[in-house]
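Novice: Using the sequences plus the hints, can you model the full thing?
Sequences listed follow chains A and B, in order. Residue numbers for the first sequence follow my numbering, so the first one is 24 and each next one is one higher. Residue numbers for the second sequence follow my numbering, so the first one is 3 and each next one is one higher.
Please note that the accuracy of each hint is not assured.
[Unchecked claim] Straight line, CA to CA, 20 Å or less: simulated SDA-like cross-link-like pairs of lysine to any residue:
(1) B:Lys347 to B:Thr307
(2) B:Lys253 to A:Pro74
(3) A:Lys125 to A:Ala106
(4) A:Lys313 to B:Ala62
(5) A:Lys76 to B:Asn237
(6) A:Lys76 to B:Ile272
(7) A:Lys313 to B:Glu65
(8) B:Lys347 to B:Tyr333
(9) B:Lys331 to A:Ile195
(10) B:Lys332 to A:Pro194
(11) A:Lys234 to A:Ile257
(12) B:Lys332 to B:Ser276
(13) A:Lys315 to B:Ile70
(14) A:Lys115 to A:Pro80
(15) A:Lys28 to B:Arg230
(16) A:Lys220 to A:Lys236
(17) A:Lys223 to B:Asn370
(18) A:Lys220 to A:Lys315
(19) A:Lys70 to B:Thr166
(20) A:Lys175 to B:Asn405
(21) A:Lys28 to B:Ser250
(22) A:Lys28 to B:Arg7
(23) A:Lys76 to B:Arg230
(24) B:Lys249 to A:Gln138
(25) B:Lys30 to A:Glu289
(26) A:Lys182 to B:Glu65
(27) A:Lys28 to B:Asn105
(28) B:Lys61 to A:Asn180
(29) A:Lys255 to A:Ala275
None of these hints come from the bench; they were simulated from the model.
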Amino acid sequence: MSLSKYLQELENESIYILREVVAEFFNPVMLYSVGKDSSVMLRLAQKAFYPSKIPFPLLHVDTGYKFKEMYEFRDELVSKIGANLIIHRNEKAIEKGMHPAKFGVAKCCGALKTQALLDALSINKFDAAIGGARRDEEKSRAKERVFSFRDKFGQWNPKAQRPELWNNYNPIINEGESVRVFPLSSWTESDIWNYIKEEKIEIVPLYFAKKRKLVREGKNLIPLESNRQQKKNIEEVSSRFRSLGCMPCTGAVVSDADNIEGIVKEANSAIRSERETRIIDHGSNSMEDKKKEGYF
Amino acid sequence: MDILRFATAGSVDDGKSTLIGRLLYDSKGVFLDQIEALQGSSTSSENGINLALFTDGLKAEREQGITIDVAYRYFSTNIRKFIIADTPGHFQYTRNMFTGASNSDLTIILIDARKGVLEQSKRHFYISWLLGIRNIIVAVNKMDLIEFNQEQFNFIKKDFLSITKNTKVDKINFIPISALNGDNVVSKSKNMPWYKSKTLIELLETAHIDEDNTELSVSRFPVQLVNRIDNDKVNDFRGFMGTLNGKSLKKGQQVLIYPSKFPAKIKDIIFKESSVDLISNSDSATIVLDEDIDISRGDIISNLTNINISNIFKSRICWMDEEPLDKGKKYLLKHSHKAIKCIFKNIISKVDMKNLDHIDLAENININDIGIVEIEVFDNICFDSYKINKETGSFIIIDLESNNTVAAGIII
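Specialist: Below, the structure written as structure tokens:
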């Protein structure tokens with residue numbers, strides 16, 4: 024069966040972008056976070072270079088706080104497709120017991136995600152890092168380029184971005200500088216789900232609804248697994264995750280969608296954004312500030 | 003369902019951000035939690051939500067109430083997916099408009115009903131026209147502030163048409179709206195019964211998308227990468243990866259490789275991990291040829307139509323950098339997967355953006371200038387005019403000191 028026309032256009036554009044990265048950079052890497060966007064991006068990379076294998080490694084910036092199902096899914100998929108996976112953790116911060124409840128969300132994210140990412144990029148001397156961020160996710164991401172320049176400290180300067188015309192991307196950088204590349208720039212959450220459905224892409228089972236034990240923290244339903252000492256406010260509800268991050272900072276949504284058709288239906292009629300369940304984004308301007316420091 | 007990409011252009015305070023906010027809000031392209039986040043920070047609107055805030059993504063923009071550069075917005079109806087290139091009106095508008103229009107099929111030009119056609123409206127039209135956009139919607143906004151006066155609307159329409167007389171734009175739609183109150187944006191206005199035509203969203207849903215170059219006879223498949231698998235002599239694989247621009251290519255078809263002009267036949271086409279008989283405009287595919295020809299990135303697999311091969315060509319450029327064009331300096335030309343050094347041999351003329359006349363013997367080209375130049379490249383390139391093929395007819399110029407993209411050009 025052929026894809027819907029708009030999904031075919033998006034696929035063509037993403038494949039074009041992925042091939043540009045390989046043509047223009049010495050040492051590119053693709054960020055792989057195990058989530059649905061990563062699953063789509065990985066599938067697009069397979070298609071882009073078929074019949075060859077994906078010509079760059081995958082990088083998982085692991086905070087140690089991901090869901091068990093995510094680690095299992097990751098290891099199984101990587102061995103199945105024979106990809107080269109690099110796992111990087113900020114071991115120093117993990118040893119110190121970095122946790123959002125102890126140090127605050129901003130500090131925790133800064134150490135386990137941003138710093139870990141910047142370290143991994145510089146240790147491996149990656150000059151291009153492909154990420155699955157979409158412009159529809161968040162207001163500062165709407166300003167992103169497809170090839171987004173980063174200085175030698177990994178910083179983004181949104182006020183002085185290179186103009187980007189047609190699909191003619193500027194890949195020129197000096198030593199030590201890098202580029203973040205966003206092949207899913209033009210996709211929306213609903214496009215991602217429709218593509219997963221039409222292309223039958225495997226995703227982590229956490230996206231499908233089932234009865235889960237959750238802890239109510241204000242507006243959020245946080246998985247019980249993330250804090251087993253918790254005794255109060257425990258609810259067992261049919262729920263799923265719209266967006267996956269670290270356990271302590273990822274909220275579930277009440278839902279009965281236990282198959283892909285159900286998820287697509289929910290995504291197509293969603294009235295609240297998926298980032299709402301991600302505690303890391305809360306607080307004013309938090310994504311823009313994090314991005315300036317080097318976050319995706 | 004397909005995709006319509008459009009740019010929005012307007013002068014300061016024409017209500018462009020409000021219009022985009024309205025489109026997103028009424029078509030549910032913005033989420034409730036995003037609205038709630040705004041309600042805390044918004045002050046100035048009747049219904050409690052400042053629609054304009056949807057589009058101001060950066061802290062500096064919200065603080066200063068300006069839009070810094072192009073932002074992209076997405077929404078869909080049951081008929082189409084829309085990608086909006088939101089280009090700011092007052093801050094380096096030429097460069098931003100040029101950028102936004104480069105990837106658009108349609109432009110919405112906003113006009114404040116009280117002010118009528120401004121010089122800037124003409125420039126927005128001119129830039130859209132230069133970049134090959136033939137679908138223009140002129141939205142006359144703030145009709146509520148002129149008591150929905152039909153005569154004023156008709157006057158603006160006539161005035162606008164007088165500037166576009168000499169261009170070959172087939173389709174200019176005029177529509178009276180109030181972005182703030184939603185009149186004729188998504189729902190028909192009760193205040194303007196005299197306007198019987200489509201609402202803005204209906205115009206967007208039904209606009210004919212120019213399938214770029216498919217009507218024309220050229221097929222250009224610039225090679226992006228060579229896919230090579232060396233197993234053994236029998237099973238060696240060599241495919242050429244790229245995206246087709248223009249007319250379909252078929253298995254078995256005779257093609258020419260530019261610039262070498264070697265002939266070959268398409269032995270196989272791989273698209274989405276399987277062998278197919280045909281690919282169409284904008285498909286990203288891998289082509290296998292029957293001949294063993296030396297082909298690398300930047301070479302073009304083409305049907306039997308001619309292409310220009312030269313190291314000198316004439317072009318219209320838009321200058322985008324604070325530092326003006328330097329005639330003695332070597333720049334990097336990035337054109338259809340080739341990056342070669344070049345110099346500006348001649349500045350032929352530049353456009354006076356006040357009246358859109360060409361000024362001959364222009365001395366220099368500065369930021370936001372549009373000019374006609376002659377470029378000399380250090381090696382031959384294969385190109386078409388922009389009118390024939392957008393991909394092989396456009397380029398960017400990179401300054402090798404700053405590494406910035408300093409200009410964009412279309413080949414005449």
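Novice: Would you mind marking each hint as holding or not holding in the structure?
Specialist: Okay, the hints, checked on the actual structure:
no., hint, verdict
1, B:Lys347 to B:Thr307, "29 Å, violated"
2, B:Lys253 to A:Pro74, "18 Å, holds"
3, A:Lys125 to A:Ala106, "36 Å, violated"
4, A:Lys313 to B:Ala62, "15 Å, holds"
5, A:Lys76 to B:Asn237, "16 Å, holds"
6, A:Lys76 to B:Ile272, "15 Å, holds"
7, A:Lys313 to B:Glu65, "19 Å, holds"
8, B:Lys347 to B:Tyr333, "12 Å, holds"
9, B:Lys331 to A:Ile195, "18 Å, holds"
10, B:Lys332 to A:Pro194, "18 Å, holds"
11, A:Lys234 to A:Ile257, "13 Å, holds"
12, B:Lys332 to B:Ser276, "44 Å, violated"
13, A:Lys315 to B:Ile70, "16 Å, holds"
14, A:Lys115 to A:Pro80, "24 Å, violated"
15, A:Lys28 to B:Arg230, "30 Å, violated"
16, A:Lys220 to A:Lys236, "27 Å, violated"
17, A:Lys223 to B:Asn370, "47 Å, violated"
18, A:Lys220 to A:Lys315, "34 Å, violated"
19, A:Lys70 to B:Thr166, "45 Å, violated"
20, A:Lys175 to B:Asn405, "14 Å, holds"
21, A:Lys28 to B:Ser250, "16 Å, holds"
22, A:Lys28 to B:Arg7, "14 Å, holds"
23, A:Lys76 to B:Arg230, "11 Å, holds"
24, B:Lys249 to A:Gln138, "48 Å, violated"
25, B:Lys30 to A:Glu289, "14 Å, holds"
26, A:Lys182 to B:Glu65, "13 Å, holds"
27, A:Lys28 to B:Asn105, "18 Å, holds"
28, B:Lys61 to A:Asn180, "12 Å, holds"
29, A:Lys255 to A:Ala275, "17 Å, holds"
The structure is inconsistent with the numbered hints 1, 3, 12, 14, 15, 16, 17, 18, 19, 24, although it conforms to all the rest.
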